[in-house]
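Asker: Okay, here's what each chain looks like letter by letter:
2 protein chains.
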Amino acid sequence: MSEVAEEPARDSTAAQQDHRAEQRRRIIAAAITCFIRDGFHGSSMQKICAEAGMSPGALYRYFPSKESLIGAIVEGERADRARVLDVLQGAPTFAEGLAEVMEMLLSDTSQIACAALGPEVMAEAIRNEKLRDALEPVEQETRDLLMRTLHTARANGEIDPALDLDTLNMLLNAIGDGLMLHNLLHPEWDLSGRSGEISGMIRRMIRPAPDGA
Amino acid sequence: MSEVAEEPARDSTAAQQDHRAEQRRRIIAAAITCFIRDGFHGSSMQKICAEAGMSPGALYRYFPSKESLIGAIVEGERADRARVLDVLQGAPTFAEGLAEVMEMLLSDTSQIACAALGPEVMAEAIRNEKLRDALEPVEQETRDLLMRTLHTARANGEIDPALDLDTLNMLLNAIGDGLMLHNLLHPEWDLSGRSGEISGMIRRMIRPAPDGA
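Protein sequence lines, in the order shown, are assigned to chains A and W.
Counting in our numbering, the first sequence tops out at residue 230, every number present.
Counting in our numbering, the second sequence tops out at residue 230, every number present.
Treat the hints with care, since some could be wrong.
As the list claims (entries may be wrong) - Restricting the straight-line Cα-Cα distance to at most 30 Å, the calculated cross-link-like pairs of lysine-lysine (BS3-like) are:
id : chain 1 : residue 1 : chain 2 : residue 2
1  : A       : Lys147    : W       : Lys64
2  : W       : Lys64     : A       : Lys64
3  : W       : Lys64     : W       : Lys147
4  : A       : Lys64     : W       : Lys147
5  : A       : Lys64     : A       : Lys147
Claimed, not checked - From the structure, some residues in chain A lie toward chain W, with a derived Cβ separation under 7 Å:
id : residue
6  : Gly56
7  : Ile90
8  : Ile143
9  : Leu202
10 : Arg211
Worth flagging that the hints you see were computed from the coordinates, not collected in a lab.
In this text, a Cβ means the ideal position worked out from N, Cα and C, and glycines have one as well.
Isolated chain A, as found in the complex:
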């Protein structure tokens, strides 16, 4: 087979790949819309097809199950989380990074596509082993990236050496998820307007004790 003959085949493959990627994005966007509106259990594959304007046959070629769809959504969250942690790592100090990240988490939900879906995904992951297995590597990556930042902050004297960083890492993850949950549940609390105060409280928690206590 000549090189000339191969060219159109490659073009066709690239076009097919573009089409497949676009179809995947369309289905995932439709699924997120459905899950936020009706919950994971309230969203049948039929509803997701209707939302995406696609036949069940077409949809099942891309995602054989709701679990695989959630898996793809969780995978998309990896990029969101990495961007949040980039902000934390790129800040001049941990304190400044923390303030910026808190502001992002509590106000700029447009930057964090899955914030609105987080509680639903987490509640489902507690009893759904497949989803938990899909979510865990992303959770682990978040903890790994945060841990690196915590080590740097401790080396820079911003975190009390007496604190166990593993426990602190877990607690910070729990605080982030708890705040995002209550931000959705209680928009009237204006957690966004309180984000500076909240990050200040977390700084108090981690700063070296003046007396070494």
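Knowing the structure of chain A, use the given hints to seat chain W on it.
Answerer: Quick look at chain W alone, frame taken from chain A:
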């Protein structure tokens, strides 16, 4: 009508009330089992009937909808939460109460019937207005009771007067819910074994700064 004639009627009413209360307890227990196993949306009234060993007609006489069932479960949580806050208020110091409550929340789940159902209920409440309306008075009561304890702790010099107690109250609620979520999602983290360290970190957050900073 003589008093003698009234006695059997009263007895009968009391027996009927006992029977009704027992039936309600049975249905609520069945619903909790179903919701934990299959989620709110995955639990049909039929499944709950089967779990309770009851006909749909009998069940609907007690609870006309899944929302009313969740409402009853949330109402039951009020007693659990009040008990947790009793521990906090009854402790000699806020620090000791906090340590005890953290231990209860992260290990003694048997004392907090709805801990396992919390993330499911909260995720559902975000999009389900009826459920949110049922949950909110219980959430408000929790915040009111906690606020009283925070005022006492501040008066006793355990909380820095510079901290805004409203924001602290919200943050402590978010921390509690975030920790219970991750305790269910990551039993391997052994948050129960870390509860002392976690309550220590929260104490650092609230204690008066030695330099008044």
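Asker: Indicate, hint by hint, whether the structure satisfies it.
Answerer: Now the hints, each set against the structure:
Restraint check for Lys147(A) and Lys64(W): satisfied, since their Cα atoms lie roughly 23 Å apart, inside the 30 Å limit. A hinted pair counts as satisfied when its Cα atoms are at most 30 Å apart, and Lys64(W) with Lys64(A) qualifies at roughly 23 Å. Restraint check for Lys64(W) and Lys147(W): the C-alpha separation of about 22 Å stays at or below 30 Å, so the hint holds. With a C-alpha separation of about 23 Å, the suggested pair Lys64(A) and Lys147(W) falls inside the 30 Å cut-off, and the hint holds.
At roughly 22 Å between alpha-carbon atoms, Lys64(A) and Lys147(A) fall within 30 Å of each other, so this suggested pair holds. Because the closest C-beta pair between Gly56(A) and chain W is about 5 Å apart, less than 7 Å, the hint holds. Hint status for Ile90(A): violated, given a least beta-carbon distance of 15 Å to chain W, over 7 Å. The closest approach between the C-beta of Ile143(A) and any C-beta of chain W is roughly 5 Å, which is under the 7 Å cut-off, so the hint is satisfied.
Annotation: Leu202(A) was flagged as interfacial toward chain W, and the flag holds, the nearest CB pair being 6 Å apart, inside 7 Å. Taking 7 Å as the C-beta cut-off, the interface hint given for Arg211(A) holds, the closest approach to chain W being about 5 Å.
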